[in-house]
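Listed here are the chains, written in short residue letters.
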Amino acid sequence: MERWQSAPLLEVEHLAMRFGGLSAVENVSFKVGAGDITALIGPNGAGKTTVFNCITGFYRPSAGRILLASPGRPQLNLAKMPDFKIARDGKVARTFQNIRLFSGMTVLENLMVAQHTALMKASGYSILGLLGAPSFKTAERAALAKAVAWLDRINLTARADDPAGDLPYGDQRRLEIARAMCTEPILLCLDEPAAGLNARESADLNALLRDIRDHQSTAILLIEHDMSVVMEISDHVIVLENGRRISDGTANFVKNDPNVIKAYLGVEHDTSVGNGNGVAGGAVP
Amino acid sequence: MAPNSLAAPVKRALVAALVVAALSFPVVAYLARPGPGGGLILEQRWWLVAANALAAFVIVLLVAALVSALSSQAAKRLAAAVGNTLAPLSRLGLAALVFYPVAIVALVGWSGAIKWVDNFGVQILIYVMLGWGLSIVVGLAGLLDLGFIAFAAVGAYTYTLLAIHVIPAIAPELAPYAFWICLPFSALFAALWGIILGFPVLGLRGDYLAVVTLAFGEMIRLVLVNWSSLTNGYAGLKAPRITFFGVPFTTSGAEPTFADIFGLTQSPTIYRSIFLYYVILTLALMTAWIANRLRELPIGRAWEALREDEIACKSLGLDTVTTKLSAFAIGASFGGMAGAFFAARQGFLNPKSFEFMESATVLAIVVLGGMGSLTGVALAAILMIGGTELLREIGWLKSVFGPSFEPTQYRMLLFGLGMVAFMIWRPRGLVTTRQPSIFLRERKAVSASLVKEGHG
Chain D
0 MERWQSAPLL
10 EVEHLAMRFG
20 GLSAVENVSF
30 KVGAGDITAL
40 IGPNGAGKTT
50 VFNCITGFYR
60 PSAGRILLAS
70 PGRPQLNLAK
80 MPDFKIARDG
90 KVARTFQNIR
100 LFSGMTVLEN
110 LMVAQHTALM
120 KASGYSILGL
130 LGAPSFKTAE
140 RAALAKAVAW
150 LDRINLTARA
160 DDPAGDLPYG
170 DQRRLEIARA
180 MCTEPILLCL
190 DEPAAGLNAR
200 ESADLNALLR
210 DIRDHQSTAI
220 LLIEHDMSVV
230 MEISDHVIVL
240 ENGRRISDGT
250 ANFVKNDPNV
260 IKAYLGVEHD
270 TSVGNGNGVA
280 GGAVP
Chain H
0 MAPNSLAAPV
10 KRALVAALVV
20 AALSFPVVAY
30 LARPGPGGGL
40 ILEQRWWLVA
50 ANALAAFVIV
60 LLVAALVSAL
70 SSQAAKRLAA
80 AVGNTLAPLS
90 RLGLAALVFY
100 PVAIVALVGW
110 SGAIKWVDNF
120 GVQILIYVML
130 GWGLSIVVGL
140 AGLLDLGFIA
150 FAAVGAYTYT
160 LLAIHVIPAI
170 APELAPYAFW
180 ICLPFSALFA
190 ALWGIILGFP
200 VLGLRGDYLA
210 VVTLAFGEMI
220 RLVLVNWSSL
230 TNGYAGLKAP
240 RITFFGVPFT
250 TSGAEPTFAD
260 IFGLTQSPTI
270 YRSIFLYYVI
280 LTLALMTAWI
290 ANRLRELPIG
300 RAWEALREDE
310 IACKSLGLDT
320 VTTKLSAFAI
330 GASFGGMAGA
340 FFAARQGFLN
350 PKSFEFMESA
360 TVLAIVVLGG
370 MGSLTGVALA
380 AILMIGGTEL
390 LREIGWLKSV
400 FGPSFEPTQY
410 RMLLFGLGMV
420 AFMIWRPRGL
430 VTTRQPSIFL
440 RERKAVSASL
450 VKEGHG
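Protein chains in written order, with numbering that gives the first Met the number 0: chain D, 0 to 284; chain H, 0 to 455.
Please keep in mind that the hints were generated in silico from the structure rather than gathered at the bench. Since we're looking at a predicted model, the values are computed, not measured. Heads up, the beta-carbon is just placed ideally off N, CA and C, and yes, glycines get one too. You can trust all of the hints, since none of them are fake.
Computed Cβ-Cβ distance ranges for the label pairs, DEER-style:
no. : chain 1 : residue 1 : chain 2 : residue 2 : range
1   : D       : 70        : H       : 75        : 55 to 63 angstroms
2   : H       : 388       : D       : 88        : 49 to 57 angstroms
3   : D       : 140       : H       : 417       : 45 to 53 angstroms
4   : H       : 417       : D       : 130       : 40 to 48 angstroms
5   : D       : 126       : H       : 92        : 27 to 35 angstroms
6   : H       : 281       : D       : 147       : 38 to 46 angstroms
If we strip away everything but chain D, and leave its shape as in the complex, we get:
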């Protein structure tokens, strides 16, 4: 049995999101396995980002449940939680399609803000911090060490004291992922992490995501248009079209699924198109 069936971390059940009369997502259900890299793909306007915004609380779903269960914690229904609590208490972190770094703050400061919840407690809601308590200094040093460890992993230690807005595009993408990881999430949601990256940066990103999956207890859910990234690193692929789920399975299963090929190419399944790499090769929207 696949991991998303045997050990699901996130269960999306009958999710619907309507904006007035427009139904962006209708009756979508899927599971995300603990420790998997799960990709959410689909043509433009399929509702991928809407599903993301529902999971991370930026939208309140019109219907459905989003259950987050991890060992040693009570199950949470994310559909009923406000955005910052999903991040703080649910330990679900996310990045954005158009990068949202704190551009006027330094690279290091970005990673320190991500550890706000722990540092705020350590600073005694600023009172211990104002008095310069040693316990806060210790916590701050630990936070700094964690930030530096992440900077080393994304090769940005040399630029720690530069403003985040000054970094090249690919570095900003990796920094945003490192910033999300500094919140110690159990689920990391990435909205088009490879968008705008060149081939080398894209390969670096794949390595980073695999590294996170293998060495952190963090599951990854990502939206991606770049099929080379999707097919190379995903353990599990979910395909949406027009707000509905049309396919769900391993990368190999999905790329041979006639429904998927039809959605991407707009034609009936034909052996000359399909056969193994129909989606991976030709159908990048």
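Put chain H on the given structure of chain D with help from the hints.
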């Protein structure tokens, strides 16, 4: 200047001249005057129309020249040089602030010093403290607050009402220490009102936030005006004056004054002014210390992150509601303490001191200072408050424009012109770089072009 860059301003100036000529024609071209025989004489004054048009032409050209001079490369280099020298200036500035009253007394003598210590020193430092309080809200958290002076009003009335009603009722022997006892309460009440204001405005951004804070400021003032049974309206309240830790500076009763005890012979007001100066200097430095410290704590970084990107903050689990409320509350508490000090200095309190103009002045100081920088705010307060006070001293212009010229009437006009020129020269304020709150190897300043202004 190349001919091309000259053509546009000349064209604009010509258009302005034509418009002024057209407007002047019906107003000034003909003047009807009673003649000697009882009839009317029609006087033609075409020269006046021409003079107006010429004046418009010259003024528009001068403004264009000023704008181009201020935005030239040389002016930008000068601006950058000013910005770079400002940072190390703070230590020197601190020493200057501490020795200012001594230097003034040495320079102009005891009796001449009152104006310089009180009108300039104390007045400027009150605005420095208000500016430092507001810069937490506007400069760090990026929340535009147009009603900040309301918190000073809350602090001032808290002090005055507690000192004249509550303290005499429950512990009259503490009356001489009223200011020191009430100061924390002023801060607390102002913070409370900061939170009360914060709640309804949390969902608002930008212009909408500004409008609601403006309304809030006016509401507080109107309540103070109309709740006459408590505040005595515009007639005002007599606020107990500050004492030297219980020793009064002036007295109507039998108790010895500060001057008696120390065997001093000058007018008591100068001692009080100097003492007030050091009190507000201490309060302002305490504000600066706390604000600076908070900036390097998680809460301060959260404020700045909120200014940079609120959605990213939420995605990292920051509770933006409490973060905004804490900025409002802490900024307001400093405003409240400055207000209490204001009341103790004036000895009299009425709502006229807390009009919108004051909020606008404090906001202008913060904007002029730039980047939530403490040094910038202090310099901006000196420029703005010192500047308007100095412009009272322009009597010498009479010798230029003749005895009928009343220079003080042009005070605010000159000041406004100066502000406009300044903002063209330095659009992001005096200090144009942001100092990072933490660093790994070296503290590199962040350029203003990357730092967001917030307001949401």
